[in-house]
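There are 4 protein chains.
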Amino acid sequence: MAKKRIGILTSGGDCAGLNAVIRSVVHAASHKDWEVVGILDGTAGLLQRPMQYRVLTANEFDGNVMRQGGTILGTTNKGNPFAFPMADGTLKDRSYEITDGFKELNLDAVIGIGGDGSFAILSKLAKQGGINMVGIPKTIDNDIGMTDTAVGFDTAVAVATEALDRLQPTAASHDRVMILEVMGRDAGHIALAAGIAGGADVILLPEIKYTIENVAAKIKSVKDSGRNFGLVVVSEAVKTLEGAKYEVEFADGQKRYGGIGNYIGMKLSQATGSECRVTVLGHVQRGCPPTYNDRLLATAFGVKALQLIEEGKFGRMVAWQNRQVVDVAIEDAIAAYQEVDREGTLVHTARALGISLGD
Amino acid sequence: MAKKRIGILTSGGDCAGLNAVIRSVVHAASHKDWEVVGILDGTAGLLQRPMQYRVLTANEFDGNVMRQGGTILGTTNKGNPFAFPMADGTLKDRSYEITDGFKELNLDAVIGIGGDGSFAILSKLAKQGGINMVGIPKTIDNDIGMTDTAVGFDTAVAVATEALDRLQPTAASHDRVMILEVMGRDAGHIALAAGIAGGADVILLPEIKYTIENVAAKIKSVKDSGRNFGLVVVSEAVKTLEGAKYEVEFADGQKRYGGIGNYIGMKLSQATGSECRVTVLGHVQRGCPPTYNDRLLATAFGVKALQLIEEGKFGRMVAWQNRQVVDVAIEDAIAAYQEVDREGTLVHTARALGISLGD
Amino acid sequence: MAKKRIGILTSGGDCAGLNAVIRSVVHAASHKDWEVVGILDGTAGLLQRPMQYRVLTANEFDGNVMRQGGTILGTTNKGNPFAFPMADGTLKDRSYEITDGFKELNLDAVIGIGGDGSFAILSKLAKQGGINMVGIPKTIDNDIGMTDTAVGFDTAVAVATEALDRLQPTAASHDRVMILEVMGRDAGHIALAAGIAGGADVILLPEIKYTIENVAAKIKSVKDSGRNFGLVVVSEAVKTLEGAKYEVEFADGQKRYGGIGNYIGMKLSQATGSECRVTVLGHVQRGCPPTYNDRLLATAFGVKALQLIEEGKFGRMVAWQNRQVVDVAIEDAIAAYQEVDREGTLVHTARALGISLGD
Amino acid sequence: MAKKRIGILTSGGDCAGLNAVIRSVVHAASHKDWEVVGILDGTAGLLQRPMQYRVLTANEFDGNVMRQGGTILGTTNKGNPFAFPMADGTLKDRSYEITDGFKELNLDAVIGIGGDGSFAILSKLAKQGGINMVGIPKTIDNDIGMTDTAVGFDTAVAVATEALDRLQPTAASHDRVMILEVMGRDAGHIALAAGIAGGADVILLPEIKYTIENVAAKIKSVKDSGRNFGLVVVSEAVKTLEGAKYEVEFADGQKRYGGIGNYIGMKLSQATGSECRVTVLGHVQRGCPPTYNDRLLATAFGVKALQLIEEGKFGRMVAWQNRQVVDVAIEDAIAAYQEVDREGTLVHTARALGISLGD
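Residue numbers (the numbering used here), protein chains in the order written: chain E, 1 to 359; chain X, 1 to 359; chain C, 1 to 359; chain Y, 1 to 359.
Errors might be hidden in some of the hints.
Just so you know, same-sequence chains aren't split out, so a pair can sit in one copy or run between any two.
Claimed, not checked - Heads up, simulated DSS-like pairs for lysine-lysine below, C-alpha to C-alpha not over 30 Å straight-line:
1. K220 to K4
2. K92 to K103
3. K245 to K267
4. K223 to K255
5. K32 to K220
6. K239 to K255
7. K209 to K239
8. K267 to K124
9. K255 to K220
10. K4 to K103
11. K3 to K255
12. K209 to K313
13. K124 to K223
14. K124 to K255
15. K218 to K4
16. K78 to K103
17. K78 to K245
18. K267 to K255
19. K223 to K3
20. K255 to K245
21. K245 to K3
22. K255 to K4
23. K267 to K239
24. K124 to K239
25. K78 to K218
26. K32 to K223
These are computed hints drawn from the structure, not numbers from a lab.
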């Protein structure tokens, strides 16, 4: 087997388990005597001169790097290189700088750890630059298709469930309804899993339209049953009653999801007279140390990605399907958005328990 | 020793360790063959007819009750019984209903677990009703004087520190400044302890006046040193640059602290150009299972309270001073508000490390 | 739908998530207006007179019961009712007492939460007594066939991985090899998953025969690579070099697995000269609060079990297969023992990373 | 202020919080523009040629090093340099190699992070070599005098308490007595604190002589009260009924504490007929990530040590007394062994709750 030189980068929003992926690739590569080059800050590392990268050695992963959240390579969502936002406000195609960078680094292949957005860009870059690419799916949102799950999702749900575990006693002590807003972008996976596991009475998902009457009726029935508190989980992408996105304009001038929990709390308080308190969980869902499941998945994915490179199978995404690591065409994965299955086991389980999904 | 009948209630905002106090009192009382009556929802349990209370038995604490957050007795902050808010909007003195309740329950003494506000009311009730009272200090804010610490503080700091541990990797991955708003009411104890332990670069306390220039200068010096991220902890009671309270009007029409972290994030983003993200930690600081320290303190306090009753020492608050449980006059404790010591070890430690306190 | 009366019991070794199963059944039943009778201490509750059981109400699960380890119903492994060990040392068939008990309780069906051993007994009892039975698989060992996973496994692996996370820094500080012995009965699932996720260098499983030479060679190669410490995970059922079971005679006169980690540590220390320390993790793997995954699984299983009863499908075990809850013939599940797949993704992943499996 | 060059080393058994001490010293030094030299593996780093050390920079602590267990400097207990065990079995005075090393490194002062044994050696080395030394106390055992607590103790108690939390549900599920053996060397501090906080029925300490009759009587009274399980905590240094040390000969030929829990379990099982299970907690008490308290203490200690050096106060140990960091003569600290106070608040609290201390 010829010695190879592999590039690796993390792209898009960070999550737990990225370092475990990187460590897996570097360790498995070291056993093949291959070299791994870590590109810093996603593709942005190749937009700088000098380019930002470094050769990764197995020994730097001796300690607890794999046990940490975040990514030692950094990641950016500073912009699409095909339409990069310049300081003067214009958009510029800087993709050739990246493909030139790949060539200069003399890479046999690049492993991109990202979500669907990153994969779409990386895939286009790879084709344009004649680069061999393999994708590893990561996202706390679990919205990437063709894989049961992606790196980072398990930890995010664990953190969200833990928050419900901590809110329940204070809700009960004060006769309150506690509303927890969780991440998930346009998908309700985190909310649904954490809500069932964490004992929620109501779970609001972007995939299922709610009314405040339904939510209020559930809270009232809980109180009628003799219980003095309620737990409500809301996905960040849930819309207002008028169907609008609830976005907040941040200091950087960008609008982002966030805060719909406050809206639901206000409406629910008005509808029921219950004392409501809202927690917007935020970035602790991303930065938490990875669960064993995320590390296991990350490790299996890293190994599989190297194997694909060894076999010359490019343009593929590694995936987890039915207890096995497999590979799929990356275009298929990008195309196959995964939302909550309205007829699946989890939704059915929630309904059978009497959890209101708002509909 | 004559058999006694003791009342116990939790009052004010809940926190971790309350169940451990209750369990300690009930267990220690059972070894004296005394009876303990749990009054529900603070003094509010005595404003209802029939009164809401129940005899507590040692066996109900066999399981993991002491390991749980919240209070099995419930607590309310529905209002001062000397000026109770009635449905028609008027205030009414309902204190005699409570003192009548105490008499009807035929109690030798009442143990009130609360903060300074609760103690002031309970103390007044006790005097008015000829009730013997002992106080046990609890507050996540650690603002009660004459005791090194109170039940609930240790857990709240642990949760806040854990949040910083989780925010650091995602901050580093994305070159961000992460701002964490923590509780503490008018005192900065949680922010200061969690900030030092959690590796914060900036800690803003209500006790120390800040300027955004100072905060921005610290963040810039961090970046100049080659580090790409920053961590900022903000106490909920920190004021705006104009010196105003930053309160949010909630759905119930009440204004409460909360959100100053967003204000700081906005100002800091403007001043530094750094990408800032804000996490308002909220009620998970209250409802988390108690740390061993909070359970140890709770247990020692419960035992001491019973001992005071046995010795006929009333109008006292149990306290922790220099590795020992002691007792102090409850009026002295109410009067002795504890804020962050601007010349103490923690402030000195923070400054020596180069942490900016904003001044 | 006619109102039904369902029995439920937990049998065999306890694990995390049992209370979440019970809560799921009770909650889902309450929405059908069915009654659930909890039988105490497995089938042993029906061997006593008066029989030990109680009707379970939805409200007792309002608090954090589902978040706790253990089982509120109790469980015993005091003996096979078909050959029950009597005080005089003889074995007696007491199975009719149990089937009589079922009849007396007037149950439409019984839900047995157990492992393969419990299912074999329950299944036989059900047939003999004309009882309708549904099984829910639980085991930290994950050795039950026809289901991807069982209640309790995820938590056990999480605890074992956490132990490795805690052993790594002290191993590195002292240049030591740390050996962690984990549970798993005759299967290596816990060891394999925790070992990969926790960064082990060596994982010894009952399914794969090891030599000390191979283990020592891996530890030496680790040290040659410049790393000063090693992590070794050993399943409790791993045998000695001579192929013998390593069992310890306990104070009750019974022999049980346990301690093979000490044996491996001794052999490895002799073979390598490395300072070895052994941790036998023990019962904390069982009693830990359930992870969200175990609670999710438990909840889906409880709902499915009720559905099977509603549909009149008896003699079935609920199972998790490929992201869905399904049901299988309980005899098939009992027959289909699940051991570590020597050609599966996890074993392949471990080998590709250079982890020694001892062979 | 003249620029200084400070050495730092960790010595003796590792514990949580050591990295937080090192980080504090390096950060605080960097603000004085002083240089910090980390000596590797305790004093052993100076017994090698070339000597093993490296200059520590503030930036290496940017990430989560302070949040990790262990010590990045390594530590050894390979032997007293005044009587160093040589390969040929003889003992040799190698102390001059170390003092020569200190001189060669051109250090203004050395900060030794250790326990009483390490301090005795370091103190002697310092005097002999004309070295300026300051000590920072660390030990999970909390047996160092003149300081309320030392780095590492809080985390060790937290881990031990967590183990009890996990053992309680499985004990209750199986009607068992769970015995937990914890560390602590010759002092019972960990056992006492964890036992009270973790709801133990019996706590056995080296400072208080027990009889099995007393322990068995407590377990019987627990069962008579209607509770079906018991929790027993045993310090590793508790002796057998005959007053002998219970030590185990390890593979390296050395005898160490460990296993007395098994002895107590056996005796208790015989005395009560209860099913007993034993967990020997082991090294997870050392390697766990530090609690916020340990990090806070570590940080304050690091700052104070630098201040002492700045003020020219040598031969001192930093200490925590009554909410403040202070300094004491290191000889006084070495002389003032701290055992459990038989008349202190914790012992009194345990007795009042009915916890048996075996006497």
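Verification of the hints:
1. In this assembly of identical chains, K220 and K4 lie within 30 Å of each other by CA distance solely across copies; the values are 27 Å between and 64 Å within a copy.
2. For the identical chains of this complex, K92 and K103 are intra-copy neighbours only, at 21 Å inside a copy versus 60 Å across copies, given an alpha-carbon limit of 30 Å.
3. In this homomeric assembly, K245 and K267 come within 30 Å of each other (Cα to Cα) both inside a single copy, at 16 Å, and across copies, at 26 Å.
4. For the identical chains of this complex, K223 and K255 are inter-copy neighbours only, at 26 Å across copies versus 37 Å inside a copy, given an alpha-carbon limit of 30 Å.
5. For the homomeric pair K32 and K220, the shortest alpha-carbon distance between copies (19 Å) is at most 30 Å, but the shortest distance inside one copy (62 Å) is not.
6. Within a single copy, K239 and K255 get their C-alpha atoms as close as 15 Å, and across copies as close as 26 Å, so both meet the 30 Å cut-off.
7. In this assembly of identical chains, K209 and K239 lie within 30 Å of each other by CA distance solely inside one copy; the values are 9 Å within and 40 Å between copies.
8. For the homomeric pair K267 and K124, neither the shortest alpha-carbon distance inside one copy (45 Å) nor that between copies (39 Å) is at most 30 Å.
9. Taking the shortest alpha-carbon separations for K255 and K220, only the inter-copy value of 25 Å comes in at or below 30 Å, while the best intra-copy value is 35 Å.
10. For the homomeric pair K4 and K103, the shortest alpha-carbon distance inside one copy (14 Å) is at most 30 Å, but the shortest distance between copies (48 Å) is not.
11. For a Cα distance limit of 30 Å, the shortest separation of K3 from K255 qualifies neither inside one copy, at 46 Å, nor across copies, at 49 Å.
12. In this homomeric assembly, K209 and K313 never come within 30 Å of each other (Cα to Cα): the closest approach is 42 Å inside a single copy and 34 Å across copies.
13. In this assembly of identical chains, the alpha carbons of K124 and K223 never lie at most 30 Å apart, being 55 Å within a copy and 34 Å across copies at closest.
14. In the homo-oligomer, the alpha carbons of K124 and K255 lie at most 30 Å apart inside one protomer (27 Å), although the nearest pairing across protomers, at 52 Å, exceeds that limit.
15. For a Cα distance limit of 30 Å, the shortest separation of K218 from K4 across copies, 25 Å, qualifies, whereas the shortest one inside one copy, 59 Å, does not.
16. Proximity of K78 and K103 under a CA criterion of 30 Å is satisfied intra-copy only: 22 Å inside one chain copy versus 52 Å between copies.
17. Taking the shortest Cα distances, K78 and K245 sit within 30 Å of each other inside one copy (23 Å), while across copies they are farther apart (35 Å).
18. Taking CA atoms no more than 30 Å apart as the test, K267 paired with K255 passes in both settings, with 23 Å inside one copy and 17 Å between copies.
19. Taking identical chains as interchangeable, the C-alpha atoms of K223 and K3 lie at most 30 Å apart only when they sit on different chains, with a minimum of 24 Å there against 67 Å within one chain.
20. Taking CA atoms no more than 30 Å apart as the test, K255 paired with K245 passes in both settings, with 10 Å inside one copy and 26 Å between copies.
21. With identical chains, the CA atoms of K245 and K3 are never at most 30 Å apart, being 51 Å at best within one copy and 44 Å at best between copies.
22. In this assembly of identical chains, the alpha carbons of K255 and K4 never lie at most 30 Å apart, being 43 Å within a copy and 50 Å across copies at closest.
23. In the homo-oligomer, the alpha carbons of K267 and K239 lie at most 30 Å apart both inside one protomer (13 Å) and across protomers (29 Å), since each shortest distance falls under that limit.
24. For the identical chains of this complex, K124 and K239 are neighbours neither inside a copy (32 Å) nor across copies (49 Å), given an alpha-carbon limit of 30 Å.
25. Taking the shortest alpha-carbon separations for K78 and K218, only the inter-copy value of 24 Å comes in at or below 30 Å, while the best intra-copy value is 43 Å.
26. Within a single copy, K32 and K223 get their C-alpha atoms only as close as 62 Å, which misses the 30 Å cut-off; across copies the closest is 19 Å, which meets it.
In this structure, the hints that do not hold are numbers 8, 11, 12, 13, 21, 22, 24, in rising order.
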